[in-house]
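The listed protein sequences derive, respectively, from chains A and B. When the letters of the first sequence are read in order and numbered with the numbering used here, they come out as residues 1 to 445. When the letters of the second sequence are read in order and numbered with the numbering used here, they come out as residues 1 to 289.
Be a bit skeptical, because a hint or two may be false.
[To be verified] Result set (DSS-like, lysine-lysine): computed pairs, CA atoms no more than 30 Å apart in a straight line:
{"#": "1", "chain 1": "B", "residue 1": "Lys151", "chain 2": "A", "residue 2": "Lys192"}
{"#": "2", "chain 1": "A", "residue 1": "Lys119", "chain 2": "A", "residue 2": "Lys432"}
{"#": "3", "chain 1": "A", "residue 1": "Lys331", "chain 2": "A", "residue 2": "Lys68"}
{"#": "4", "chain 1": "A", "residue 1": "Lys190", "chain 2": "A", "residue 2": "Lys432"}
{"#": "5", "chain 1": "B", "residue 1": "Lys283", "chain 2": "B", "residue 2": "Lys151"}
{"#": "6", "chain 1": "A", "residue 1": "Lys378", "chain 2": "A", "residue 2": "Lys309"}
{"#": "7", "chain 1": "A", "residue 1": "Lys328", "chain 2": "A", "residue 2": "Lys309"}
{"#": "8", "chain 1": "A", "residue 1": "Lys240", "chain 2": "B", "residue 2": "Lys151"}
{"#": "9", "chain 1": "A", "residue 1": "Lys96", "chain 2": "B", "residue 2": "Lys3"}
{"#": "10", "chain 1": "A", "residue 1": "Lys363", "chain 2": "A", "residue 2": "Lys328"}
{"#": "11", "chain 1": "B", "residue 1": "Lys151", "chain 2": "A", "residue 2": "Lys398"}
{"#": "12", "chain 1": "B", "residue 1": "Lys3", "chain 2": "A", "residue 2": "Lys432"}
{"#": "13", "chain 1": "A", "residue 1": "Lys432", "chain 2": "B", "residue 2": "Lys2"}
{"#": "14", "chain 1": "A", "residue 1": "Lys119", "chain 2": "B", "residue 2": "Lys151"}
{"#": "15", "chain 1": "A", "residue 1": "Lys119", "chain 2": "A", "residue 2": "Lys363"}
{"#": "16", "chain 1": "B", "residue 1": "Lys37", "chain 2": "A", "residue 2": "Lys227"}
{"#": "17", "chain 1": "A", "residue 1": "Lys240", "chain 2": "B", "residue 2": "Lys60"}
{"#": "18", "chain 1": "B", "residue 1": "Lys37", "chain 2": "A", "residue 2": "Lys398"}
{"#": "19", "chain 1": "A", "residue 1": "Lys73", "chain 2": "A", "residue 2": "Lys432"}
{"#": "20", "chain 1": "A", "residue 1": "Lys192", "chain 2": "A", "residue 2": "Lys119"}
{"#": "21", "chain 1": "A", "residue 1": "Lys309", "chain 2": "A", "residue 2": "Lys363"}
{"#": "22", "chain 1": "A", "residue 1": "Lys432", "chain 2": "B", "residue 2": "Lys96"}
{"#": "23", "chain 1": "A", "residue 1": "Lys96", "chain 2": "A", "residue 2": "Lys119"}
{"#": "24", "chain 1": "A", "residue 1": "Lys240", "chain 2": "A", "residue 2": "Lys190"}
{"#": "25", "chain 1": "A", "residue 1": "Lys432", "chain 2": "B", "residue 2": "Lys151"}
{"#": "26", "chain 1": "B", "residue 1": "Lys37", "chain 2": "A", "residue 2": "Lys96"}
{"#": "27", "chain 1": "A", "residue 1": "Lys432", "chain 2": "B", "residue 2": "Lys94"}
{"#": "28", "chain 1": "A", "residue 1": "Lys96", "chain 2": "B", "residue 2": "Lys55"}
{"#": "29", "chain 1": "A", "residue 1": "Lys73", "chain 2": "A", "residue 2": "Lys309"}
{"#": "30", "chain 1": "B", "residue 1": "Lys64", "chain 2": "A", "residue 2": "Lys240"}
{"#": "31", "chain 1": "A", "residue 1": "Lys119", "chain 2": "A", "residue 2": "Lys331"}
{"#": "32", "chain 1": "A", "residue 1": "Lys432", "chain 2": "A", "residue 2": "Lys227"}
{"#": "33", "chain 1": "A", "residue 1": "Lys240", "chain 2": "B", "residue 2": "Lys55"}
[As the list claims (entries may be wrong)] Only some residues are given here: those of chain A computed to face chain B with a beta carbon under 7 Å:
{"#": "34", "residue": "Lys96"}
{"#": "35", "residue": "Met99"}
{"#": "36", "residue": "Ala253"}
{"#": "37", "residue": "Gly254"}
{"#": "38", "residue": "Asp259"}
{"#": "39", "residue": "Leu261"}
{"#": "40", "residue": "Asn410"}
Hints listed in this document are in silico derivations from the structure and should not be mistaken for laboratory results. Idealized CB from N, CA, C, for every residue including glycine.
Each chain is listed here by its residues.
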Amino acid sequence: MKKVLALILAALMILSLAACGGNGGNESKAPETQGTEKENESKEEGKTEGGSIEVAVTYTGDQLEVFKGLTEKFTKETGIEVVIDEYGSDYEATMKSRMASNNLPDVFQTHGWSILRYKEYLMPLNDQPWYSDLDESGLGVIADADGTIYVLMISELVNATLVNTDVTDAAGVDIYAIHTWEDLYAACEKVKAIGKTPIGSNSGSGIFANIAGGFVTYPGEAAVDEKAQLDGTWDWQSYKTTLMDWVARTIDAGFWAEDVLTRNNDDMTQKFADGEAAFMLGNDPGFCISCLTLNPDANFALIPNFASKEGGTEEVNIGEGDTFGIWKDTKNVDQAKAFLNFMAQAENAKTMNDSTGKIASLKSAMAIDEGYGLKMLKVFQEKCADRDIFYDNLWDRKYMPSGMWGIFGNACNDFFQDHSAANTDAVLAYLKENYDDLYEEAHSK
Amino acid sequence: MKKKRRQYLMLTIPAILLLALFLGVPLVNGIRVSLYKWNGYSQNMRFIGIENFVKAFQDKLFFKTLGNTMIYGFGSTLFQNILGLSTALLLNQKFKGRNAVRAILYMPIMISGFIMGQILYFFVQMDGGVFNEMLGWFGIAPVYWTETGLKATIVCMIANSWQYMGICMILYLAGLQGIPDMYREAARLDGAGPMQVFRHVTLPLLIPSIISAVVLNLIGGFKMYDVIVALTGGGPSRGSLSLSYYIQLLYFQDEKAGYASAVGVIMFFVILVITIPINEFLKRREVEY
Numbered sequence: 001m002k003k004v005l006a007l008i009l010a011a012l013m014i015l016s017l018a019a020c021g022g023n024g025g026n027e028s029k030a031p032e033t034q035g036t037e038k039e040n041e042s043k044e045e046g047k048t049e050g051g052s053i054e055v056a057v058t059y060t061g062d063q064l065e066v067f068k069g070l071t072e073k074f075t076k077e078t079g080i081e082v083v084i085d086e087y088g089s090d091y092e093a094t095m096k097s098r099m100a101s102n103n104l105p106d107v108f109q110t111h112g113w114s115i116l117r118y119k120e121y122l123m124p125l126n127d128q129p130w131y132s133d134l135d136e137s138g139l140g141v142i143a144d145a146d147g148t149i150y151v152l153m154i155s156e157l158v159n160a161t162l163v164n165t166d167v168t169d170a171a172g173v174d175i176y177a178i179h180t181w182e183d184l185y186a187a188c189e190k191v192k193a194i195g196k197t198p199i200g201s202n203s204g205s206g207i208f209a210n211i212a213g214g215f216v217t218y219p220g221e222a223a224v225d226e227k228a229q230l231d232g233t234w235d236w237q238s239y240k241t242t243l244m245d246w247v248a249r250t251i252d253a254g255f256w257a258e259d260v261l262t263r264n265n266d267d268m269t270q271k272f273a274d275g276e277a278a279f280m281l282g283n284d285p286g287f288c289i290s291c292l293t294l295n296p297d298a299n300f301a302l303i304p305n306f307a308s309k310e311g312g313t314e315e316v317n318i319g320e321g322d323t324f325g326i327w328k329d330t331k332n333v334d335q336a337k338a339f340l341n342f343m344a345q346a347e348n349a350k351t352m353n354d355s356t357g358k359i360a361s362l363k364s365a366m367a368i369d370e371g372y373g374l375k376m377l378k379v380f381q382e383k384c385a386d387r388d389i390f391y392d393n394l395w396d397r398k399y400m401p402s403g404m405w406g407i408f409g410n411a412c413n414d415f416f417q418d419h420s421a422a423n424t425d426a427v428l429a430y431l432k433e434n435y436d437d438l439y440e441e442a443h444s445k
Numbered sequence: 001m002k003k004k005r006r007q008y009l010m011l012t013i014p015a016i017l018l019l020a021l022f023l024g025v026p027l028v029n030g031i032r033v034s035l036y037k038w039n040g041y042s043q044n045m046r047f048i049g050i051e052n053f054v055k056a057f058q059d060k061l062f063f064k065t066l067g068n069t070m071i072y073g074f075g076s077t078l079f080q081n082i083l084g085l086s087t088a089l090l091l092n093q094k095f096k097g098r099n100a101v102r103a104i105l106y107m108p109i110m111i112s113g114f115i116m117g118q119i120l121y122f123f124v125q126m127d128g129g130v131f132n133e134m135l136g137w138f139g140i141a142p143v144y145w146t147e148t149g150l151k152a153t154i155v156c157m158i159a160n161s162w163q164y165m166g167i168c169m170i171l172y173l174a175g176l177q178g179i180p181d182m183y184r185e186a187a188r189l190d191g192a193g194p195m196q197v198f199r200h201v202t203l204p205l206l207i208p209s210i211i212s213a214v215v216l217n218l219i220g221g222f223k224m225y226d227v228i229v230a231l232t233g234g235g236p237s238r239g240s241l242s243l244s245y246y247i248q249l250l251y252f253q254d255e256k257a258g259y260a261s262a263v264g265v266i267m268f269f270v271i272l273v274i275t276i277p278i279n280e281f282l283k284r285r286e287v288e289y
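Isolated chain B (complex conformation):
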């Protein structure tokens, strides 16, 4: 038994080494840089202790960006899961053209987020955008879809949800197809209606898929970057920035690499603090079958 455990341990070493190299080293370096005042390229760095962290908690834009990141994380998760589960339930039924619909709904994922943002920009553009042209057909005045930070954030969140909804759809579809029919059959024989079957049989058995979808969507939403770059450029007034984008701007444009690293470290812990309890909460609701 001991020998087997040692063998298992040996097998994990390559993965641990890779993780240490590509996650551990940058993380430690990021924490180190966060303690310095540095412009990101000079050979001179000045140690300032936790000043960058103190500054982050006094920075209004940091909190606004943190708020946006929560909208991206939770908003995208909510939208993607509702849409993904609905389409998965629909596509789990047998009908003609089902495979074609599955492929079409999955297609947006294959495009890079940046290109998707560029395409959607032409839809939400104030002057001559597709949506406003369509509103014009009905005599409705053009809408400035991205006029404020909040509006722009919501537009980016919806764009992201639409693009990656297919991931949820596939996860739920796989989960649904993994549930043996006999459980639903038994419930129906006991007199359960379709909603009751869904709520008391299908949904609990889908918890493993829900865990994967929620955690993936949350992390994906928190890391949102490319769609925002292409769609709003983080504007107006840096009002639709995510933390990832804010870090990039601070580091490379504003030349505040130390502060950017401090924001990065905070972001790491925020994601950790949010995703671990959610994961645990959902795991407790997992049903064995």
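Bound-form chain A, shown alone:
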């Protein structure tokens, strides 16, 4: 009897271990299956009046609740049910699986990749009524070479340098006098002198990818390798002598947090909100909104990314914010288009943008946008009115092949751990090898 009991217990343990030991691939498959069932349901229901669509979104937490509220309003107005796929941090992985099986949701968000990654699965939308409402500033980001767009973009992602002005004021730093990375270095010295962390970012992808344009790509910079980056012949040497050199000097100067290698987003938000750090590099105003939930009295500002030398380019990167595209093979075309029309209405776009902190990209929504993100941008535009600011897509999305984001994160982390000459070369070789590989993959079709 005892042996039987032991066997049963052992079997139970095996089951529980198996349940605990599932890998990410399996985890991401679960919602996929769910999605497929929902999609089949929606396709069948699509034939009935009202119908139903499956919408996959990146939203989580409060933003998801706001989105759910909007979909309920949409259902009330149109009778079309919306089944939301909440993939959270598994969004990209799940969408890649669904693309591989050519089985996508009726409507889905493209999180910066409507052209490079998702285009072949999306329906052209230039004929939609809201097309003329799209602001020029964002059109370049979502249109392909022929001017065709595949998504409704309700907000833009603005990416530049964030400042906790409580800290910089205390340190006596005039943030609008910072024009070059050397100016920032000098400002960091002042911040460090008052016992605060000058740069609150972690050693993730954002450092090596988001600020790179100001060193190795844009007009007037130390290196202008734009052409080579785009045609796959870039040798990366300028990256080493400019960006990596500057980062190495800031590491040596102790401008980063002690736990820079492992601090996560929550840590960064908390420290920046608490006024423990002065600058966040390559980030967007949405980050400040998260900080304000922790410390409503904190004061923040947005300033451009800097030039590598006097006369270089100070830039602000604009990327896809919140976008919605329609799967080209959906059987619920009318319902999906109705949903995009609904999201394009100024008050609906505004509701979502207020929640995400992103800046409106529809003219009608811009007119009524009171979000914190736009406020930050307006202050920045006013303070930097005398400067020639260069606006471009996010650097890695424009100049690097798809798949480099994770590689940049790994390389940056490795570099922060050891920035000796030997390891700098090893990191550079790693970047180049992956760039060559992914470039070849992207252009082999």
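Mind docking chain B on chain A? Use the hints.
Frame of chain A, contents of chain B only:
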């Protein structure tokens, strides 16, 4: 007799079909994908033969990750078995509150590995973590627990061992309770001390439990994923990645699905090559009673 064998065979068919569907098909597909250069989502795949396997054997990160996986597998097995057996021996004694202690020690298993990792992150955090706060009470400077890949790997391994130690405990407890008292009694009458009774009577009779615990822990350790995701994110510098996590990153983040599959196939054979001989070795030491 033949008829009975056929009946037995028929009864195994559903299990074989399920295994073929959920293990066989993905395995064959994984091997197929490993022979292609593919980004994981495009409709275009390019056949490149064994290039991905050659690449794996030139990939330093692959070997580092393989090393970490060995630490997770063998380290977790060692820790969990020592802790599990010790607590099982303790809890096999009669004392007040024994059931409560058993339940408490088993509790961590009920939490998902990801949540456990999140909780433990707040303990090992450099800035304001629980352990460093406690060190601060004694005037000791904060320790950067996850500063290097090796440190982070060891932290994850200990976290995993602590969480799943209860499985070993239950297995050993069941094994201990299955050993008839008369064998120990006889040994004691022959003059054996407590250590001798444990070494020459209890331990050999526990071999079936040890086999289950070791194989389960090894496989669980080799597959470690969720604790690492939550605790270190595989960092710093991908230094605490397990093979499972590395495969996931390669496939979904780095867009190297073919290479990820090749690493997956290698991982499958590594686990097979390690667990089968261990299983056989332990089986040979099994004692009938």
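Do the hints match the structure? See the list:
1. Lys151/B with Lys192/A: holds (29 Å)
2. Lys119/A with Lys432/A: holds (26 Å)
3. Lys331/A with Lys68/A: holds (23 Å)
4. Lys190/A with Lys432/A: violated (36 Å)
5. Lys283/B with Lys151/B: violated (35 Å)
6. Lys378/A with Lys309/A: holds (26 Å)
7. Lys328/A with Lys309/A: With Cα atoms ~46 Å apart, Lys328/A and Lys309/A exceed 30 Å; violated.
8. Lys240/A with Lys151/B: holds (29 Å)
9. Lys96/A with Lys3/B: violated (50 Å)
10. Lys363/A with Lys328/A: Between Lys363/A and Lys328/A the Cα gap is close to 27 Å, so the pair holds against 30 Å.
11. Lys151/B with Lys398/A: Roughly 37 Å between the alpha carbons, so the hint for Lys151/B and Lys398/A is violated.
12. Lys3/B with Lys432/A: violated (66 Å)
13. Lys432/A with Lys2/B: violated (65 Å)
14. Lys119/A with Lys151/B: violated (43 Å)
15. Lys119/A with Lys363/A: holds (24 Å)
16. Lys37/B with Lys227/A: Roughly 26 Å between the alpha carbons, so the hint for Lys37/B and Lys227/A holds.
17. Lys240/A with Lys60/B: Distance of about 22 Å is within 30 Å: holds.
18. Lys37/B with Lys398/A: holds (23 Å)
19. Lys73/A with Lys432/A: violated (49 Å)
20. Lys192/A with Lys119/A: violated (46 Å)
21. Lys309/A with Lys363/A: Cα-Cα ~36 Å, so violated.
22. Lys432/A with Lys96/B: violated (65 Å)
23. Lys96/A with Lys119/A: Holds: Lys96/A and Lys119/A sit about 13 Å apart, inside 30 Å.
24. Lys240/A with Lys190/A: holds (26 Å)
25. Lys432/A with Lys151/B: Distance ~29 Å between Lys432/A and Lys151/B Cα, so the pair holds.
26. Lys37/B with Lys96/A: holds (16 Å)
27. Lys432/A with Lys94/B: violated (64 Å)
28. Lys96/A with Lys55/B: holds (23 Å)
29. Lys73/A with Lys309/A: At roughly 52 Å apart (the allowed maximum being 30 Å), Lys309/A and Lys73/A break the hint.
30. Lys64/B with Lys240/A: With a Cα-Cα distance of about 25 Å, the restraint between Lys64/B and Lys240/A holds, given a limit of 30 Å.
31. Lys119/A with Lys331/A: The given pair, whose Cα atoms are some 18 Å apart, holds under the 30 Å limit.
32. Lys432/A with Lys227/A: holds (16 Å)
33. Lys240/A with Lys55/B: holds (26 Å)
34. Lys96: Hint holds; Lys96/A Cβ to chain B Cβ min 4 Å, cut 7 Å.
35. Met99: Interface hint status for Met99/A: holds (4 Å vs cutoff 7 Å).
36. Ala253: violated (19 Å)
37. Gly254: violated (15 Å)
38. Asp259: It holds, given that the least Cβ distance between Asp259/A and chain B is near 4 Å, below 7 Å.
39. Leu261: holds (4 Å)
40. Asn410: holds (5 Å)
Violated hints for the displayed structure, listed by number in ascending order: 4, 5, 7, 9, 11, 12, 13, 14, 19, 20, 21, 22, 27, 29, 36, 37.
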